[in-house]
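**Q** Single-letter residue listing:
Number of protein chains: 2
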Amino acid sequence: MSNNNNILIAQGGGPTNVINQSLVGIIASEKKNNSRIFGSVNGVNGIINNKFKILNKISNKNLQLIKNTPGAALGSTRDKPDANYCKEIYHILKKKKISKFYYIGGNDSSDSLRIISKFSSEMNYNLQCIHVPKTIDNDLVFNDHTPGFGSAAKYVAQLFSGINYDVKSLPGVYIGVVMGRHAGYLTAASSLLRNKASDGPHLIFIPEFPFNLETFKNNIKKIFKNYGRCVVAVSEGIQNKQKELFTETIKKSNEYDAHGNIQLSGSGILGDFLANEIKSSLKISRVRSDTLGYSQRSFLGSASEVDQKEAFDIGCAAVKFSKKLRKSFSVGIEERKIFTKRYEVKFIVNKLDDIAGKTKVMHHSFYDQKKFNVTNKFLNYCKPLIGKNFPHTSSII
Amino acid sequence: MSNNNNILIAQGGGPTNVINQSLVGIIASEKKNNSRIFGSVNGVNGIINNKFKILNKISNKNLQLIKNTPGAALGSTRDKPDANYCKEIYHILKKKKISKFYYIGGNDSSDSLRIISKFSSEMNYNLQCIHVPKTIDNDLVFNDHTPGFGSAAKYVAQLFSGINYDVKSLPGVYIGVVMGRHAGYLTAASSLLRNKASDGPHLIFIPEFPFNLETFKNNIKKIFKNYGRCVVAVSEGIQNKQKELFTETIKKSNEYDAHGNIQLSGSGILGDFLANEIKSSLKISRVRSDTLGYSQRSFLGSASEVDQKEAFDIGCAAVKFSKKLRKSFSVGIEERKIFTKRYEVKFIVNKLDDIAGKTKVMHHSFYDQKKFNVTNKFLNYCKPLIGKNFPHTSSII
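So the protein lines, in turn, are chains F and C. Position one of the first sequence corresponds to residue 1 (the numbering used here), numbered consecutively onward. Position one of the second sequence corresponds to residue 1 (the numbering used here), numbered consecutively onward.
Certain hints may be false.
Claimed, not checked - Straight-line Cα separation of at most 25 Å, SDA-like style, residue types lysine to any residue; simulated pairs:
{"#": "1", "chain 1": "C", "residue 1": "351", "chain 2": "C", "residue 2": "141"}
{"#": "2", "chain 1": "F", "residue 1": "337", "chain 2": "F", "residue 2": "287"}
{"#": "3", "chain 1": "F", "residue 1": "251", "chain 2": "C", "residue 2": "286"}
{"#": "4", "chain 1": "C", "residue 1": "388", "chain 2": "C", "residue 2": "351"}
{"#": "5", "chain 1": "F", "residue 1": "51", "chain 2": "C", "residue 2": "199"}
{"#": "6", "chain 1": "C", "residue 1": "388", "chain 2": "F", "residue 2": "66"}
{"#": "7", "chain 1": "F", "residue 1": "351", "chain 2": "F", "residue 2": "66"}
{"#": "8", "chain 1": "F", "residue 1": "51", "chain 2": "C", "residue 2": "351"}
{"#": "9", "chain 1": "C", "residue 1": "222", "chain 2": "C", "residue 2": "283"}
{"#": "10", "chain 1": "F", "residue 1": "196", "chain 2": "C", "residue 2": "283"}
Unchecked claim - Derived DEER-like restraints, expressed as beta-carbon distance ranges:
{"#": "11", "chain 1": "F", "residue 1": "213", "chain 2": "C", "residue 2": "198", "range": "38 to 48 Å"}
{"#": "12", "chain 1": "F", "residue 1": "49", "chain 2": "C", "residue 2": "215", "range": "27 to 37 Å"}
{"#": "13", "chain 1": "C", "residue 1": "377", "chain 2": "F", "residue 2": "240", "range": "48 to 58 Å"}
{"#": "14", "chain 1": "C", "residue 1": "324", "chain 2": "F", "residue 2": "286", "range": "33 to 43 Å"}
{"#": "15", "chain 1": "F", "residue 1": "94", "chain 2": "C", "residue 2": "377", "range": "51 to 61 Å"}
{"#": "16", "chain 1": "C", "residue 1": "324", "chain 2": "F", "residue 2": "377", "range": "39 to 49 Å"}
Said to hold, decoys possible - Under 10 Å between C-beta atoms, here's a sample of chain C residues computed to sit facing chain F:
{"#": "17", "residue": "34"}
{"#": "18", "residue": "66"}
{"#": "19", "residue": "163"}
Think of the hints as simulated: they come from the structure by calculation, not from any bench. We put the beta carbon where it would ideally sit given N, CA and C, even for glycine.
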């Protein structure tokens with residue numbers, strides 16, 4: 001353990017609605033330790049480019065505002081450092097006499113920390129590398145859930161609840177494409193504010209289970225016949241049986257059609273393709289698709305109050321654990337075994353080796369493969385995470 | 001004036017976040033008149049298909065929930081009745097001894113009312129046709145603004161505020177395509193939650209002023225050079241000099257490329273095209289586009305409290321005016337002359353003839369054609385409409 005109190009914080013990867021809560025949690029706790037708190041601008045990129053801020057002098061009033069602001073207040077990066085990049089980071093941190101490096105990020109960030117920590121040990125330099133998780137995808141292993149997910153889940157749930165009533169007003173088929181390359185959690189969250197059995201989303205398609213276009217159409221047909229409308233949530237990461245991204249399949253088939261002249265691209269491709277398929281095959285006239293955008297992770301004012309508190313608290317917990325443990329680690333949220341008892345979180349310590357580069361997907365018990373929908377177990381698991389700050393709803397028809 | 005108290009309410013056109021506030025406002029006020037309140041399901045379509053609900057028996061508790069629910073609680077319709085359709089409506093209303101018909105809708109709905117009202121007069125039947133405005137486009141003439149707009153504007157403002165911080169975290173160019181075929185109000189609302197001169201959206205393009213691709217690119221280049229990032233709000237209805245929808249221009253040029261083999265379509269086309277142009281011409285690597293979807297009018301939980309109150313109050317005002325006037329009319333919000341004094345609304349009566357089928361576009365004094373941005377006058381006009389229920393924000397970098 002180093003004797004000095006220079007510590008560094010950085011933020012990496014796609015920002016979330018509450019990533020700054022964790023930042024402020026760490027700052028507030030490290031201030032009590034009388035640490036000199038550096039922040040690097042744009043994650044690890046700011047370290048090698050010597051872009052640092054002193055965070056001690058930010059006023060408490062401003063910290064309160066920063067807490068509630070989406071995006072990464074220190075800036076973020078998509079840099080995925082290799083061994084040499086990590087070595088460089090290590091040398092700079094050593095030169096700045098940094099004793100603790102907090103990196104708020106997803107599993108890529110934890111992997112960088114793992115490598116940097118290893119270097120430091122080998123060089124006999126006492127550097128604690130501390131991973132503070134964030135991701136809207138909720139795909140970190142050994143974590144019940146991840147700060148950032150609750151707010152994104154709330155946004156998606158609010159959006160689909162509104163869409164449910166919109167499509168009830170003007171009946172048709174609605175397809176909403178939700179973020180999530182590998183894990184279906186965020187798409188599954190579209191279900192969280194349903195009130196009645198007839199409420200949408202009526203069908204949910206996630207990357208964990210093979211996507212079949214015919215099954216997709218047949219199920220929409222069935223629902224539409226039943227309710228006169230159908231709301232569908234589709235993950236951007238849906239894959240066919242061969243584990244090929246369905247969006248890639250579409251692009252390929254369209255390239256062939258045009259004899260290579262046109263390459264379809266862009267954000268709307270999956271939703272547009274599926275909507276056209278429904279229109280032409282099922283002869284339903286009103287078919288709409290939306291591709292949910294960056295607002296899923298950044299919409300101002302839809303943060304879950306539960307997520308906000310946990311993101312702040314996990315930052316504080318990281319500081320607490322760091323004093324006790326004096327080694328590198330990833331702070332986490334203990335996995336619940338039962339979802340029906342009173343909701344509470346317990347912060348735990350995970351090894352960087354156990355977290356780094358791994359991806360958690362939806363548990364099979366959370367998804368009903370026959371109904372193409374979430375199970376009650378998922379609802380029990382997920383509902384507490386989005387808090388309670390949204391209107392209750394009703395309709396006449 | 002008829003001696004009976006049978007009244008009818010219907011909702012038409014694209015629903016909004018507060019269209020049910022107006023519905024409940026009318027129900028609450030007409031209950032005090034001891035009216036027998038019918039609701040037709042799916043607007044005028046429910047009238048000719050004899051789909052009616054008695055609204056008196058809805059509990060107050062349920063009315064409170066309905067008020068806060070997006071979408072049209074009675075269902076809506078896209079039917080645009082011609083003269084014969086209107087005649088049929090008139091006959092059914094006469095048969096049901098309806099003395100007042102409240103239609104909550106946009107200018108199409110007011111046009112239907114205009115025709116129905118004319119028929120009734122000609123047939124010497126005392127039917128009051130009362131138009132209660134709603135539209136997220138804010139394009140009704142003789143109205144300062146329209147219920148529904150404030151909430152949609154708030155959603156768009158919250159979304160762009162979040163995007164501003166997201167793009168600040170991971171610098172690049174972001175293009176958000178906003179609803180609005182003819183009027184740029186909703187796109188302009190993307191500016192409402194900016195704090196600093198460097199905050200996005202940095203550029204705003206609306207249908208009222210001709211869109212030029214080169215100018216678009218040059219301005220993004222300039223902003224990007226200045227701030228290292230650029231957030232752009234583009235209306236879906238942008239037109240070239242020849243008043244042709246720019247999306248149509250894109251479709252055409254792509255059809256030619258593919259020798260007629262492929263017809264581009266779908267929701268993402270405008271944003272995707274513009275993003276690709278920026279990527280290839282300006283050599284900026286991180287360029288993203290989102291096409292904002294139906295959530296603009298239906299997102300649960302982002303309604304403006306000001307808009308909610310006004311939508312409810314305008315329903316009550318419609319009932320009050322109907323007793324005093326005993327003729328057909330459109331209830332409205334008086335146009336403010338000065339936007340800097342204390343914000344308050346005054347409900348007025350407009351003639352159906354003056355409202356029906358007309359479209360209001362952005363006032364030229366609201367837009368700076370050189371800066372491709374809104375003026376302070378627009379900000380003063382629009383800010384009060386979105387209320388105050390959103391977090392204040394700040395950043396470190």
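**Q** For each hint, tell me whether it holds in the structure or not.
**A** Hints, verified against the model:
1. Distance check on the hinted pair: residue 351(C) and residue 141(C) sit about 11 Å apart at the alpha-carbon level, within 25 Å; holds.
2. Taken as a hint, the residue 337(F) and residue 287(F) pair is broken in the structure, with Cα atoms around 41 Å apart against an allowance of 25 Å.
3. Under the criterion of a C-alpha separation no larger than 25 Å, the hint pairing residue 251(F) with residue 286(C) is consistent with the structure, at around 21 Å.
4. A distance of roughly 33 Å separates the Cα atoms of residue 388(C) and residue 351(C); the hinted pair therefore is violated under the 25 Å criterion.
5. Distance hint between residue 51(F) and residue 199(C) is fulfilled; the C-alpha atoms sit about 21 Å from each other, no more than 25 Å.
6. Pair hint residue 388(C) plus residue 66(F) holds up; C-alpha atoms about 18 Å apart against a cutoff of 25 Å.
7. Between residue 351(F) and residue 66(F), the direct Cα distance comes to roughly 30 Å. Violation of the 25 Å bound is thereby established for this hinted pair.
8. For the suggested pair residue 51(F) and residue 351(C), the alpha carbons sit about 63 Å apart, so the restraint of at most 25 Å is broken.
9. The suggested pairing of residue 222(C) with residue 283(C) holds, with an alpha-carbon distance near 13 Å, which does not exceed 25 Å.
10. Our distance criterion of 25 Å between C-alpha atoms is broken by residue 196(F) and residue 283(C), whose separation comes to about 50 Å.
11. A hinted range of 38 to 48 Å for the beta carbons of residue 213(F) and residue 198(C) is consistent with their spacing of about 46 Å.
12. As the Cβ distance of residue 49(F) to residue 215(C) is approximately 34 Å, the hint placing it in 27 to 37 Å holds.
13. Evaluation of the 48 to 58 Å hint for residue 377(C) and residue 240(F) yields a pass: the beta carbon distance comes to about 54 Å.
14. For the pair residue 324(C) and residue 286(F), the supplied restraint of 33 to 43 Å holds, since their beta-carbon distance comes to about 40 Å.
15. The beta-carbon spacing between residue 94(F) and residue 377(C), approximately 56 Å, falls within the hinted interval of 51 to 61 Å.
16. The hinted window of 39 to 49 Å between residue 324(C) and residue 377(F) is violated, with their beta carbons roughly 58 Å apart.
17. Because the beta carbon of residue 34(C) sits about 21 Å from the nearest beta carbon in chain F, more than 10 Å, this interface hint is broken.
18. At a threshold of 10 Å, the smallest CB-CB gap from residue 66(C) to chain F is about 5 Å, leaving the interface hint in force.
19. A least Cβ separation of about 6 Å between residue 163(C) and chain F falls short of the 10 Å threshold, and the interface hint therefore holds.
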